[in-house]
Amino acid sequence: MTAPLDVSGQELQAAPEAVLDGAQGKAIEGRSLGQIAWTRLKRDKVALTGAGVVIFLILVAIFAPLIVSWFGHPPNDFNQDLISSETLAPKDGTGISADHLFGVEPVNGRDIFSRVVYGARISLLIAFLATLLSVAIGTLLGVMAGYFGGWVDSVISKAMDVFLAFPLLVFAIALAGVVPDSAFGLSGDALRVSLLIFIIGFFNWPYIGRIMRGQTLSLREREFIDAARSLGARGPYIIFREMLPNLVAPILIYATLLIPTNILFEAALSFLGVGVRPPTATWGGMLSDAVRFYTIPHFMFFPGMAIFITVLAFNLFGDGLRDALDPRAR
Amino acid sequence: MSETPEPLLSVEGLEKHFPITKGLIKRQVGAVKAVDGLTFDVRKGETLGLVGESGCGKTTTGRLITRLLEPTGGTVRFEGHDITHMSQGALRPLRRDMQMIFQDPYSSLNPRHTVGAIVGAPFRIQGVKTEQGTKKAVQEILELVGLNPEHYNRYPHEFSGGQRQRIGIARTLALKPKLIIADEPVSALDVSIQAQVVNLLEDLQNELDLTYVVIAHDLSVVRHISDRVAVMYLGKIVEIADRKGLYERPMHPYTTALLSAVPIPDVKARGGRDRIRLQGDVPSPLNPPPACRFHTRCWKAQEVCKTVEPPLVALAPGHQVACHFPENAPAPADAAPEAAVPAAPGAATE
Chain G
1 MTAPLDVSGQ
11 ELQAAPEAVL
21 DGAQGKAIEG
31 RSLGQIAWTR
41 LKRDKVALTG
51 AGVVIFLILV
61 AIFAPLIVSW
71 FGHPPNDFNQ
81 DLISSETLAP
91 KDGTGISADH
101 LFGVEPVNGR
111 DIFSRVVYGA
121 RISLLIAFLA
131 TLLSVAIGTL
141 LGVMAGYFGG
151 WVDSVISKAM
161 DVFLAFPLLV
171 FAIALAGVVP
181 DSAFGLSGDA
191 LRVSLLIFII
201 GFFNWPYIGR
211 IMRGQTLSLR
221 EREFIDAARS
231 LGARGPYIIF
241 REMLPNLVAP
251 ILIYATLLIP
261 TNILFEAALS
271 FLGVGVRPPT
281 ATWGGMLSDA
291 VRFYTIPHFM
301 FFPGMAIFIT
311 VLAFNLFGDG
321 LRDALDPRAR
Chain Y
331 MSETPEPLLS
341 VEGLEKHFPI
351 TKGLIKRQVG
361 AVKAVDGLTF
371 DVRKGETLGL
381 VGESGCGKTT
391 TGRLITRLLE
401 PTGGTVRFEG
411 HDITHMSQGA
421 LRPLRRDMQM
431 IFQDPYSSLN
441 PRHTVGAIVG
451 APFRIQGVKT
461 EQGTKKAVQE
471 ILELVGLNPE
481 HYNRYPHEFS
491 GGQRQRIGIA
501 RTLALKPKLI
511 IADEPVSALD
521 VSIQAQVVNL
531 LEDLQNELDL
541 TYVVIAHDLS
551 VVRHISDRVA
561 VMYLGKIVEI
571 ADRKGLYERP
581 MHPYTTALLS
591 AVPIPDVKAR
601 GGRDRIRLQG
611 DVPSPLNPPP
621 ACRFHTRCWK
631 AQEVCKTVEP
641 PLVALAPGHQ
651 VACHFPENAP
661 APADAAPEAA
671 VPAAPGAATE
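Protein chains in written order, with the working numbering: chain G, 1 to 330; chain Y, 331 to 680.
So that you can see chain G by itself, here it is in the shape it has in the complex (with noise of 0.2 Å):
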C-alpha cells in the first residue's frame, strides 16, 4: 500500500475543461447550462429583436380587444362612407388615415389594423396550439422509440414514415371541407380552431418525434444512464430526471422553429378558403379576399407584413435560441 494521501486537506483547482468548453469561460459558482444560454442569447441583438418582435405580437393578439377599442373599430364593421361608390375602392385610394391606420378594405370599407390585430390571435393561437400538440405527441412517441428500441421503435419508427408521406395539405383541405358547421360539440370559429390546430398538430409530430428519438439514441449510450440503472433506477425516473433535462434544448429550439411554419400552414389553409371561416379575420384570409383587389396593394400588403414579420421574427429567434443553447450545432 502506498504513503496514505492526505485527501481531505487536498483542493484541486485545475479547471482546464472549463476553457475547453467554450464560451462559458470562467467558472462562476452554480451556473447551469441554462444560464449560460441566457448569458449567451442576451449578446445575441437579432434574436433579442426576434424575441422583442415575438412578445409584442402576442401582446398584441392577447390584448386585440383593447387595442380595437382605442380606435373605435371592430374588425367585423362596415365603414361605406368612406367607399367610393363607383369603383368600390376607398374613396383616397387606401383609406388610412389616423383613425384607420392600415387603411380600409374596398366594397364594404372594414378596418384592416383592427382585422390584422384580430387576426394575429387567430394565427398564433393556432400555431401555439398545434406546436403543442406536436412537440407533445412527438417528444411521447419520440423518448419511447429511442428508449425502449426494439418493436417499439419499429412500430413508431414506421408511422413516423407514414405520417411524413401523408398529403397534408390535400387531407387537411378534403377534412376541413367535409366536417359540418358544429362538430364535437363545438361550433363556428371554435370549432374550425380546434380543427386547424388538430390537423396542423397531429400531422407535424414525425419531424419532432425524428429529433427526439435521435437525442434519446445517442443519450442512452451515455454512462450516467447506465449510473442510473446500477444504482436501481427505473424507467420512468431515467426518462424524466436523467434523460427530459437533456432533452429541454433541443425541444425548446425545435418548437421555436415550428410555430413559423404552424403560421404558414395556417394562413395557406385560410387562404384556400379552409380554414377559420369569414368574416372571422385571419391573415391568410385577408389575403385571399385581397387577390381579387390586385389595383388596391395597401389590401395585400398589410396582412401580408404581418404574416412575413411575424415568421421572421419566430426564425431568427428560434435560430439564436439554438445557438445560445446548442452552441456546436452552428
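Calculated from the structure, these hints are not laboratory results. Backbone N, C-alpha and C define an ideal beta-carbon position, used for all residues, glycine too. Watch out, some of these pointers could steer you wrong.
No farther apart than 30 Å at their CA atoms in a straight line, the calculated lysine-lysine pairs in the DSS-like style are these [claimed, not checked]:
no.: 1; chain 1: Y; residue 1: 508; chain 2: Y; residue 2: 598
no.: 2; chain 1: Y; residue 1: 352; chain 2: G; residue 2: 158
no.: 3; chain 1: Y; residue 1: 598; chain 2: Y; residue 2: 374
no.: 4; chain 1: Y; residue 1: 574; chain 2: Y; residue 2: 598
no.: 5; chain 1: G; residue 1: 158; chain 2: Y; residue 2: 356
Going by beta-carbon spacing under 8 Å, a handful of chain G positions derived as facing chain Y [claimed, not checked]:
no.: 6; residue: 32
no.: 7; residue: 86
no.: 8; residue: 207
no.: 9; residue: 210
no.: 10; residue: 214
no.: 11; residue: 220
no.: 12; residue: 222
What follows is a list of derived Cβ distance ranges for each label pair [what the hints assert, rightly or not]:
no.: 13; chain 1: Y; residue 1: 470; chain 2: G; residue 2: 158; range: 49 to 57 Å
no.: 14; chain 1: G; residue 1: 273; chain 2: Y; residue 2: 419; range: 16 to 24 Å
no.: 15; chain 1: G; residue 1: 244; chain 2: Y; residue 2: 470; range: 47 to 55 Å
no.: 16; chain 1: Y; residue 1: 617; chain 2: G; residue 2: 158; range: 31 to 39 Å
Given the coordinates of chain G, work out where chain Y should sit on it, guided by the hints.
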C-alpha cells in the same frame, strides 16, 4: 489484506454472447463471444485487478456483474445470493451494496444535474433517509473524496476531469457499498491525476472496508492497486494470481508478453530485458480460434494448443494458469511442465 473463507462475489462459468442477426426476420447468424466462461472469486476486502487488451471482454464482465447486461450463461453470486437472472426489482435492494465507477467522467455525470443532485441520486433512487438530511450526507461524502462541500450547487462542466471522477466516486460511495466495480477508473485521466485517484481509491478502501474489482488495461495501475490480478484474453481468463506472483513469475506467455510491453521509465534499465512483440492482431471474438485462443499469436504454440483447450489449473498456491506450456512454473514431482506436456491432452478433458 484479511481473507475470509466465504467470497463476497463468486463468478462461475460466466458467459455473454451478443447475437448477430441478419435480415428481416432477425435470424441469428452468429454471436460475439465477448465473455466466454469466466470463473473467479472476490474475497471481502481485497482488490481484484482485471487486465487485458481492448476488446477482451473486461468491461462486459463488469457490466455482467452489476447486471447492466444479462448474462448468457454461468452464475454470479453476490453475498450468497444468485443474482445471475434476478429481476431488476429484486435486485434493487442489493444494488446498495454493489456499485460501479465508470470509465469516462465526461459522460458518467448528467450535465443538467448539480453535483448535489448527482451524489444525492442514490439516496433518492433507493429511498434512503439520512439522519441530517440528504444535503448534509452528500457534503460529507464530497469531503471524503477530497472535494469542496461548498461545490454542492455546481454543475459537472465546471470541474476538471479528475474532479469529475471524484464526483463519480462520491456517487458510488453514497450508500456505503461493500463491493465496487471500477471500470477503467483512471484511463480517461491525465497521468498526474491518475495517481491521485488511484491513491484515493486505496485510502477509501482502508477507511470504509471496501472490496474492489478494478478493470484496467494499464498494468502499472493494476499493480499499484490490486491484491490479485486476473489476465483476460478474448473473453477468457488465462492467468489469475496474487500480484506478486503474477508480476514476478508470470506463467502464461500472454502475461509475459503484456508485462514486457510495460514501459520502463529508467533508460539504463531498458536494455536489460527482452521485449516480446506479439505477431498479428487479436482474433475476432466473433470467430475465436479453437482450443487455446492464444495459439495464433503464441511463440510456444504446438499442435496440442490447436486441438485441446488448456484448463485453468493451479500450478502454484493461488496461481492459476490456462496453458499447456507455462513459463516459470514450479517443478514439483508430478506437476512439472515438461512432464505435463505429453499428459496434457489426456488431462484436459473438456
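| said: With the threshold set at 30 Å, check whether the alpha-carbon distance from residue 352/Y to residue 158/G stays at or below it. | reply: Since the Cα atoms of residue 352/Y and residue 158/G sit roughly 19 Å apart, the hinted pair holds (cutoff 30 Å).
| said: Interface hint check: residue 86/G, Cβ to nearest Cβ on chain Y, cutoff 8 Å. Holds or violated? | reply: Violated, because the Cβ-Cβ distance from residue 86/G to chain Y comes to roughly 68 Å (cut-off 8 Å).
| In this structure, is the beta-carbon distance linking residue 273/G and residue 419/Y contained in 16 to 24 Å? | 58 Å, violated
| chain Y contact restraint for residue 207/G - C-beta distance below 8 Å | 24 Å, violated
| Per-residue hint verdict: residue 214/G, partner chain Y, C-beta under 8 Å | 17 Å, violated
| How about residue 210/G: closest beta carbon in chain Y under 8 Å, or not? | 22 Å, violated
| task | Using Cβ atoms only, decide whether residue 220/G comes closer than 8 Å to chain Y, and label the hint accordingly. | result | 12 Å, violated
| request: Would you mind confirming whether the straight-line C-alpha gap from residue 508/Y to residue 598/Y stays at or under 30 Å? | output: 43 Å, violated
| Is the distance from the Cβ of residue 617/Y to the Cβ of residue 158/G consistent with 31 to 39 Å? | 34 Å, holds
| Closest C-beta approach of residue 32/G to chain Y relative to 8 Å, hint status | Holds - the Cβ of residue 32/G comes within 8 Å of chain Y, reaching about 6 Å at its closest.
| request: Mind checking the CB of residue 222/G against every CB in chain Y and telling me if the closest is under 8 Å? | output: Cβ of residue 222/G sits 5 Å from chain Y, so the hint holds.
| request: Could you tell me whether the CB distance from residue 244/G to residue 470/Y stays inside 47 to 55 Å? | output: 30 Å, violated
Taken one by one, the earlier hints fail for this structure at numbers 1, 3, 7, 8, 9, 10, 11, 14 and 15, listed in ascending order.
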